[in-house]
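Chain by chain, the residues:
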Amino acid sequence: MSGTGEKVTGTTKTPTDFLKSIRGKPVVVKLNSGVDYRGILTCLDGYMNIAMEQTEEYVNGQLKNKYGDAFIRGNNVLYISTVKRTLADGA
Amino acid sequence: MSIEEDATVREPLDLIRLSIEERIYVKLRSDRELRGKLHAFDQHLNMILGDVEEVITTVEIDDETYEEIVRTTKRTVPFLFVRGDGVILVCPPLRTT
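Order-wise, the sequence lines are chains A and B. Going by the UniProt record's numbering, the first sequence opens with residue 1, and the numbers climb by one from there. Going by the UniProt record's numbering, the second sequence opens with residue 1, and the numbers climb by one from there.
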């Protein structure tokens with residue numbers, strides 16, 4: 001995928017830079033269907049295909065499933081956001 | 001295969017390759033789930049699965065009591081081609097849910 005970015009004036013100024021910078025970080029991935037996935041981002045590509053670890057699936061704010069590793073097809077992704085991961089979330 | 005800037009970075013699809021010939025769980029659109037053995041896949045996530053169990057989940061709402069009735073329909077298929085655009089999520093099978 002060609003990086004259309006021009007004017008890279010700072011550190012993370014293009015979407016591609018952002019995608020490179022968030023590897024290994026805890027993220028929230030929201031899908032078009034409204035389902036939420038929280039986990040640690042292993043890697044992703046230009047199509048927004050995502051590989052995550054320790055993934056938790058939230059539907060309507062409720063924890064539904066936990067996956068050790070998960071791959072999400074990029075066309076379903078609405079957004080990827082970083083989050084400060086709180087330990088022992090509700091546990 | 002086009003190589004992006006960092007050739008050493010592994011893509012999510014590389015990691016799916018680790019699951020070839022292993023059993024996987026696939027979440028599809030229309031509230032469907034598959035559990036089967038991954039024989040092949042491509043960049044579209046078209047997949048060939050063997051010994052597959054499909055679970056279709058439906059929720060009915062009773063007109064009078066307004067309670068939600070969750071039903072699941074299961075079927076098994078020995079060999080299946082899955083078109084990639086219906087795939088939402090792929091992972092190793094869930095242990096005990």
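FYI, nobody ran anything at the bench for these hints, they're computed from the structure. What you are looking at is a predicted structure, and each value in this text was computed from that prediction instead of being measured. Warning: the hint list may mix true and false statements.
Taking lysine-lysine and the DSBU-like style, the derived pairs with C-alpha atoms no more than 30 Å apart in a straight line are [what the hints assert, rightly or not]: (1) A:LYS13 x B:LYS74; (2) A:LYS25 x A:LYS64; (3) B:LYS74 x A:LYS66; (4) B:LYS74 x B:LYS37; (5) A:LYS66 x A:LYS13; (6) A:LYS84 x A:LYS66; (7) A:LYS84 x A:LYS64; (8) A:LYS66 x A:LYS25; (9) A:LYS64 x B:LYS74; (10) A:LYS30 x B:LYS74; (11) A:LYS30 x A:LYS20; (12) A:LYS13 x B:LYS37; (13) A:LYS64 x A:LYS30; (14) A:LYS64 x A:LYS13; (15) A:LYS30 x A:LYS13; (16) A:LYS25 x B:LYS74; (17) A:LYS66 x A:LYS20; (18) A:LYS25 x A:LYS13.
request  = Check each numbered hint from earlier against the structure, then list the numbers of those it violates in ascending order.
outcome  = 1, 5, 12, 14, 16
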